[in-house]
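Below are the chains, spelled out letter by letter.
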Amino acid sequence: SIKMSEIKLSEAASTDDSAEETDWAAAKAFFDNLKTNKPRPVSLPKPRYAVTIAVSSRTLFNMVAERKIYEDEGLEKYVAYQQEHESEPLKPGAAFPFVKALMTVNARLRELYPDSEELFDIVLMTNNHAQVGVRLINSINHYDLTIERFCMTGGKSPIGYLKAYMTNLYLSKDAEKVTEAIEEGIAAATMFMPETEAETKLSDTQLRVAFDGDAVLFSDESEIIVKKHGLDSFFEHEKEFENKPLAQGPLKCFLEALGKLQRKFYEKNERMNCPIRTFLVTARSAASSGARVLKTLRSWGLEIDEALFLAGAPKGPLLQKIKPHIFFDDQMFHIEGAKELGTISAHVPYGIGQKYHKGKLIEQPEKKK
Amino acid sequence: MASTVQNTDVKQKDADRAVVVAVTSREVFKSGPDDGGEILEIDESHLLLKLLHRVNERLEEENPEEPLLFDVILITTDSQRQQQSSRIISSTKHYGLEISRFCFASEDDFAESLQTNNVQLFLTTDRNEASQAAQKGVLSALLDQRVAISTSDQLRVMFCEDAVIQPDSGHTPSFAAQMGEMRRRFRLSDSPLSFILVTLHGGRDRCADSLLTLRSSGLSVDEAYCLAGAPRGPILSVLQPHFMISISSSGLEK
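Residue numbers (the numbering used here), protein chains in the order written: chain F, 82 to 450; chain P, 7 to 260.
Bound-form chain F, shown alone:
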C-alpha cells in the first residue's frame, strides 16, 4: 500500500497549480483582512507541504457522556442534546495535549521560518452531524486551538477525506475507521485516555512522541516469528539478519515527517533546544535483537532521539518517566499497561499482534456491517 509521503511527492507534480494558488491566496487574503485582536495564523499551509494530523471529535474532546446519549437514546436525541448545549465548551480529550504540543512546535517553526509551509496542519475529521459542529467550533474557540480545517461528514466514511487532505496521521476512537485507514496506507491509531492522572504535567515546550518498534515503525515480520516459533528462534533470526533492514510499518512515515521538521531546527542550531523529541520503546533487548532495529532506522535515514530496550520488562513505568504526549503500540497488552500508569496511548491495529492477547490466540469477532 502507498504511504502518504509518497503520495504527497507525486501529487506535487500533477496538481493543478493555478486553481490551488487561487484557493490558497483567497484564504490568505481572508485571514490577513480579519479585524480581530486574537492572533490568528497569517497563512495556513497547503496540504502537500504540511504534516497533516487529522483528529476525530472524540479524541480532541471528551465526549463520553454525549456518546452514551447517542448509544442509549439514538441519533436525533444526541444531536438535539449537543445543540442545546452548544455554548458549553467540551472538556479536553486524549488528543488534546498532543494538539497543544503540535501548536507549540508550529510557533517555534514560524519564528525560525516565517514563510515556510512545512508546519503541522491540524484537521478535525469527524462523522458527526454538522449541527454538532457548532459546539465543536465553540469549544475550539474556547481553547484557542489553531484548527481551521474540518470535515463533518454527517455519518459518511472519513477515509476519502483523509486522502484528499494527504493526511500524515489519523487519530480516532473508532477502531474500525483506524483499521480502514491503515489498510489504505494512512498512519492511524485508536486513542485511549489514561486511567490515572499523570503525576506531573506533560511538557508544554516540547512535543514528545513514543513509538513501539515491531508492527508500528517496522513490519510485523519478526513478531510473527516470536508468536509462531518462540523467543529463542526470534533471537537467532534477528542476529542472523542483523544487517537486513526490516520492512516498513504503518507509522514509519509519520516518524519520517517528524524527522524532517526536527532537521529544520538543527539547521538553525537549535538541536539542544529542539521542540520535538522521539522515543523508541521496544520489548526487544539491546544485546540480542536491538541492533537490527537501529541499523534499519539508519538505513532509512531516520533518527530517533532515544531508543529504550526493555528486554520484555513492562513499558508502563518507563513511559511514566518519559511522559510522551502520545505513545503508539500495536499490542493492547502494552496499551493497557501504559494507560494504567497515566500515559496517553494510541493502539495501532496492525499485524499479527491483533490475533493474540497476552500470548494467546484470540477468537476473531464477526466483522460489523
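In short, the hints are calculated from the structure, not lab data. All values derive from a computational prediction rather than experimental measurement. Note that CB positions come from ideal geometry on N, CA and C, so glycine has one too. Treat the hints loosely; a few may be bogus.
To be verified - Listed below are several chain P residues computed to face chain F (Cβ distance under 10 Å; list not exhaustive):
1) Arg-23
2) Val-25
3) Arg-193
4) Phe-201
5) Gly-209
6) Ala-236
7) Pro-237
8) Pro-240
9) Leu-242
10) Leu-245
Given chain F's structure and the hints, the job is docking chain P onto it.
For chain P alone, kept in the frame of chain F given last:
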C-alpha cells in the same frame, strides 16, 4: 414566444406548496442529428431527475398526501431546441420521466419564462444561463459535471460562498426554509436528501456563521466542510455534490 405545456402523463403538483425546479432539456436529452426520428437519446445527467423523483417517492411513503414535493419543469433555453418541442414531449413520455410541465423558450425569453412559471430553483451546467436567470431574481445553481457519474442514490445539495453566480437575497432564505421543511420529513440518517455546507476560503468562524444563518433560515445542514484555502478539487471529488447553490459571503440575509 415561449409556451408552457402540461405533461398529461404525470399528476400535477400542488401549486402553492410544491418546490418548482427547472432543468434544461440540454441536461436531459442529447442533441441528436435532425434525422426526424421521434425519440431523443437520453443523457446520463437525467440521473438528477431520478434523484428528485426518488425524494418525491420517499416523501409520499411518509405521507401519501404530501404537498411539499419537487415539481420539475423541463425548459428549453435556445431556439434550436425550442423547435423540437414535440420530440421533447414524446421522448419524456417514452422514458416515463416525472416532468410536470414543459416550457419551450429561447435564449431571449427563457429567464422571463422561469419567472412566470414561479420557478424556485433553476439547474443548469451553463454559467451564462445561470447568471441571466439570477439577474431576473431566479435562484440558480450550477449542476456539477460529475452528476452523470455519481453513484450516490442520495440527492446532495451543496451551499458554498463561491461567487460565480451572485445569489439573490430575496429568494435564497425562503428556498432554504422549504428545503429545511422537506429535510425534516426524513430522519437524520437514511435520508434521500442531504444538505452540505462548504466554506472554501474562510476559517471556522465563517463556517459557524453560515451554519447558524442557514439554521435560522430553517435549514439544518447535514454535513459541513471548512477548507480554509485547501485545494477544493480533491475534497469535492469525494463529496460529490449534485449541484451548488451560492450563498453570499455575509450569509443568506443581507
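Failing hints, ascending?
1, 2
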